[in-house]
Amino acid sequence: MASRFDIRRQTGFTTIAMICFFALYLPIVTLVVYAFNSGNSIAVWEGVSLRWFYQAWNNDQVVDAAIRSLQIALVAATVATIVATMAALATTRTKPYPGLGFKYAFINQPLMVPEIVTAVALLIFFSRIKIWTGYSGLGYLMAAHTAFCIPFAYLPIRARLESMDLSLETAAADLYATPWKAFRRVTFPLLWPGILAGLMLAFVISLDDVVITEFVKSGGQDTLPTYMLGQFRRFITPEINAISTVFLLISILIVTVFFFISRKKDHE
Amino acid sequence: MASAEQVAKDAERREIRDRWLLSAPALIIIFLAATGPLLIVVVYSFLTPGPYGDVVWKFSTDGWLSVLMQRDIFDDTLAFADAHLSIFWRSAKLSFMTTILTLLFGFPTAYFIATRPARQRDIWLFLITIPFWTNLLIRTFAIQEVIRNEGIANTVLIKLGIISQPIQMMFTDFALMVGMTYVYLPLMVLPLYASMEKIDFRLVEAGYDLYANRFQVLRRVIIPLVKPGIIAGSILVFIPALGAYVTPRVLGGSKNMMLGNLIELQFGQGRNWPLGSALSLSLMAIVMVALLLYVRAVGRRGGAHG
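In order, the protein sequences belong to chains A and B. Sequential numbering of the first sequence, starting at 5, is according to the working numbering. Sequential numbering of the second sequence, starting at 419, is according to the working numbering.
Just so you know, the hints here were simulated from the structure itself, not pulled from any lab data. Note that this is a predicted model, so its numbers are computed, not measured. Treat the hints with care, since some could be wrong.
To be verified - Just a few of them, taken from the derived set where beta-carbon distance is under 10 Å, the chain B residues facing chain A:
no., residue
1, Ala442
2, Leu496
3, Phe523
4, Thr527
5, Ala532
6, Asn553
7, Gln562
8, Arg566
9, Phe619
10, Ile648
11, Ile649
12, Ala662
13, Gln684
14, Gly688
15, Ser698
Claimed, not checked - Here are the simulated EDC-like cross-link-like pairs (lysine to aspartate or glutamate), alpha carbons at most 20 Å apart as the crow flies:
no., chain 1, residue 1, chain 2, residue 2
16, A, Lys99, B, Glu433
17, B, Lys577, A, Glu50
18, A, Lys99, B, Asp500
19, A, Lys99, B, Asp428
20, A, Lys185, B, Glu433
21, B, Lys645, B, Asp618
22, A, Lys185, B, Asp428
23, A, Lys134, B, Glu430
What the hints assert, rightly or not - Taking beta-carbon pairs under 10 Å as the criterion, some of the chain A residues facing chain B (in silico):
no., residue
24, Phe9
25, Phe40
26, Ser42
27, Gly43
28, Gly51
29, Arg55
30, Phe129
31, Pro155
32, Ile209
33, Thr230
Glycine is no exception: its CB is placed at the ideal position from the N, C-alpha and C atoms.
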């Protein structure tokens, strides 16, 4: 067949790509399938049942850990998004001023340092504060999560801001709007998709965190990921698959919404 | 009366001040719960370990010394700490191999996505984004189900009659390599895709017009064009791989520790916080060097084209 010579084609690339997609999803699909196993094994299939979902739902440890995860993620993502929005407003749409480069570097710093190093640093710092103040509540985890969520919330908000020009805000100011009014009535409605994307990213990042939580948590403060990590040391039943499946579903849902919000911006 | 110039200057100064105030909460939170504590780690690395963990406030360089050396308990002579060196070496080796493997698999995948028609592209990209944002722990657990003795890989190989006994893959360096390649692959594909999306295919066409074959076009045209993506992807994979904690803990055994696990050990059973602090800072130093090399590599390219 004398088909047109395709300049984009590279021999074998499509095959490797297909292998990659297959390899990426095969383990996840297996994990989800075995969550519905009626037997005790995560390797031998015995039939379909919702038994393990039911068991996880009735496992107080799992439910407590899940609620704790959600509490931390809600607080951390909300605070991180608010301060990241402020920081983004302060670092975009301006000519360079002293300290601007420092701010970029500082806000992105949690991304540059390996998580285990931050985790160790927080363990040392917070264990001191725990001794001094006697407080050992969820505040430490919320503070730690907020800090590493800020750069993730900041990125989409900053990207969105940079695509907006200042003329509308200038017009608002010309019409005697106070800066706050201009923000609330002009900037915020335009910036909203970026803020929402930042909030969701921060939420997922907080929900997924293992390493920092593992080091910072006090006794009895397991989140869902650290609870699961603890279970791997024991005999694993499909209950872990069931928890993972629900977790996956939530992540996929949030990521899907995020993906389409941020894609839409590109097509506008 | 203030001149117009003075007024403008004041307004500018006020604006800069407002911008600092606006960014202050973010900066303060990051300082308190991320950057500041790193300074305390530096202090702790020069103290003496306490008997039940934590530290005694007495200056000592033993923490740093024990990163690479070992004091003989009988005659006080110093020797290289083989256990630590082998863990450093394993971490470096596995991270490097993970980076190479994700590049070998990720490059064609990113290229495949970048050469799809615009509408299809979003779907393929979405399929990479999902694992990118799903829990690393869950993905590590998922790959464990594939490579364990009773897992799919062994079951299929036995059914096909290729092997009669399951191959022991869990708790080996091989498991760590497969596991890290699996969990970090999306980190490689996304930056590669970002730079491939921008390829001007007229350059590729020009290559063919000049009688290059497909491999030459790949090597002399495409790869140089996407070099920033290759460097960014490699950094994004290498750094978390070097500090990996979850994957070696789940897939490796006590014989396959990586740096992250060695650090944790010092804060747990090891009860040697100064050593743990010194090890963390060593890890951070390696990462900083990698980042500097990255900045230089990207900077040089920018200079050459600008």
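When the hints from earlier in the document are held up against this structure, which numbers fail? Of the numbered hints, 2, 10, 11, 14, 18, 22, 23, 25, 26, 27, 28 and 29 do not hold.
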